[in-house]
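Dock chain E against the given chain X, drawing on the hints supplied.
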Amino acid sequence: MNALDISASALSAQRTRMTAIAGNIANANTTRDEYGRRIPYRRLEVLFAAGSEDGSAGAAGAGGAGGTVRGVRVTDVRPARDPFRWVRDPAHPDAVDDPASPFHGQVLMPRINAVHEMVDMMLASRAYEANLSSMETTKAMTAAALRIIA
Amino acid sequence: MTGLLEGMFSGGALPHLERTLAFAAARHLLILDNVANADTPGYRRKDLDARAFEESLRAAQRDGAVPPRPREYRQLRGKEAGPSGSISQPGVLRHDGNDVDVERELAILGKNAVLHNSLAGLLRNSFEQIRMAITERPT
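Top line first, the protein sequences correspond to chains X and E. Sequential numbering of the first sequence, starting at 2, is according to our numbering. Sequential numbering of the second sequence, starting at 1242, is according to our numbering.
Chain X extracted, bound-state conformation:
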């Protein structure tokens, strides 16, 4: 894995995280799943692990001594197991309409915390920028190395 590949793997991972966060915010009030069933949206979590995309041990970096550089990869994008929350809203079409039920007039909503998602988004954005600027550094170094012979 070369220097640009390492940074690119991180850019890709952070973008995946950003996409999941955007989906979470967009679905903050989604009461049904993709098949129309009354299952609220579950927030998606993106899991990272050190290592290359193909799961190989990575190239023995010029670091030598058995050391490897591998970048980062997304191991899983999984629905969080947070419980849903009940919100009182009798006018909602998906509200429980059964006077016998203790949840009469309430609707099951996803547990999305907007503050949590926004903070996570800022972190992802900062990490993205950090990798982008290290990519610029790599390019400057490569250009300097090429000028040795030019």
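Hints in this document: simulated from the structure, not taken from any laboratory. Since the structure is predicted, the reported quantities are computational estimates derived from the model, not experimental observations. Among these hints, one or two may not hold up.
Derived contacts from chain X toward chain E, CB cut-off under 8 angstroms, selection only [stated by the list, open to error]:
no.	residue
1	Phe49
2	Ala50
3	Ala51
4	Val70
5	Arg71
6	Gly72
7	Val73
8	Ala131
9	Asn132
10	Ser134
11	Thr138
12	Ala141
13	Ala145
14	Ala146
15	Ile149
Derived, one-sided and incomplete: chain E residues facing chain X with beta-carbon distance under 10 angstroms [claimed, not checked]:
no.	residue
16	Ala1266
17	Leu1271
18	Leu1273
19	Gly1283
20	Glu1344
21	Glu1346
22	His1357
Output of the computed footprint for chain X on chain E, the stretches with three or more beta carbons under 8 angstroms from beta carbons of chain X [claimed, not checked]:
no.	stretch
23	1348-1356
24	1364-1376
Think of the CB as a built atom: it goes at the ideal place given N, C-alpha and C, for glycine as much as any other residue.
Relative to chain X, chain E alone:
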């Protein structure tokens, strides 16, 4: 003839410049990996032992030998590399077992890049001088 060519490229500061440049390039990869894994749970930063390299460079200069190749650099990981950020300790914010501080890593990356680029410039000048001597005119 071979001897002449060898003397041209193995004399003076050229081998030392070249090996230090290779060291900077190898260290760059590890710091990049640290930045890339700044959000990976359980990741511990990696680094090269710059002090050990400087020692061997100094020893090589003293003995008129060539400094070690990249393959012989010792890679530091975990406790040896030392955290750039703070890991789980009482009263510390992060609890994901990751000890990378992005700002510090970027500072190391910047310093290393400056070292790399100035070495590349010095190497370029050295080659330029050889070229000038061969062609007997300034370029």
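Checked hints:
| no. | hint | result |
| --- | --- | --- |
| 1 | Phe49 | 4 angstroms, holds |
| 2 | Ala50 | 6 angstroms, holds |
| 3 | Ala51 | 5 angstroms, holds |
| 4 | Val70 | 4 angstroms, holds |
| 5 | Arg71 | 7 angstroms, holds |
| 6 | Gly72 | 5 angstroms, holds |
| 7 | Val73 | 5 angstroms, holds |
| 8 | Ala131 | 5 angstroms, holds |
| 9 | Asn132 | 6 angstroms, holds |
| 10 | Ser134 | 7 angstroms, holds |
| 11 | Thr138 | 5 angstroms, holds |
| 12 | Ala141 | 7 angstroms, holds |
| 13 | Ala145 | 4 angstroms, holds |
| 14 | Ala146 | 5 angstroms, holds |
| 15 | Ile149 | 5 angstroms, holds |
| 16 | Ala1266 | 6 angstroms, holds |
| 17 | Leu1271 | 5 angstroms, holds |
| 18 | Leu1273 | 4 angstroms, holds |
| 19 | Gly1283 | 8 angstroms, holds |
| 20 | Glu1344 | 8 angstroms, holds |
| 21 | Glu1346 | 8 angstroms, holds |
| 22 | His1357 | 5 angstroms, holds |
| 23 | 1348-1356 | holds (count 3) |
| 24 | 1364-1376 | holds (count 3) |
Consistency with the previously given hints is maintained throughout, with no hint failing.
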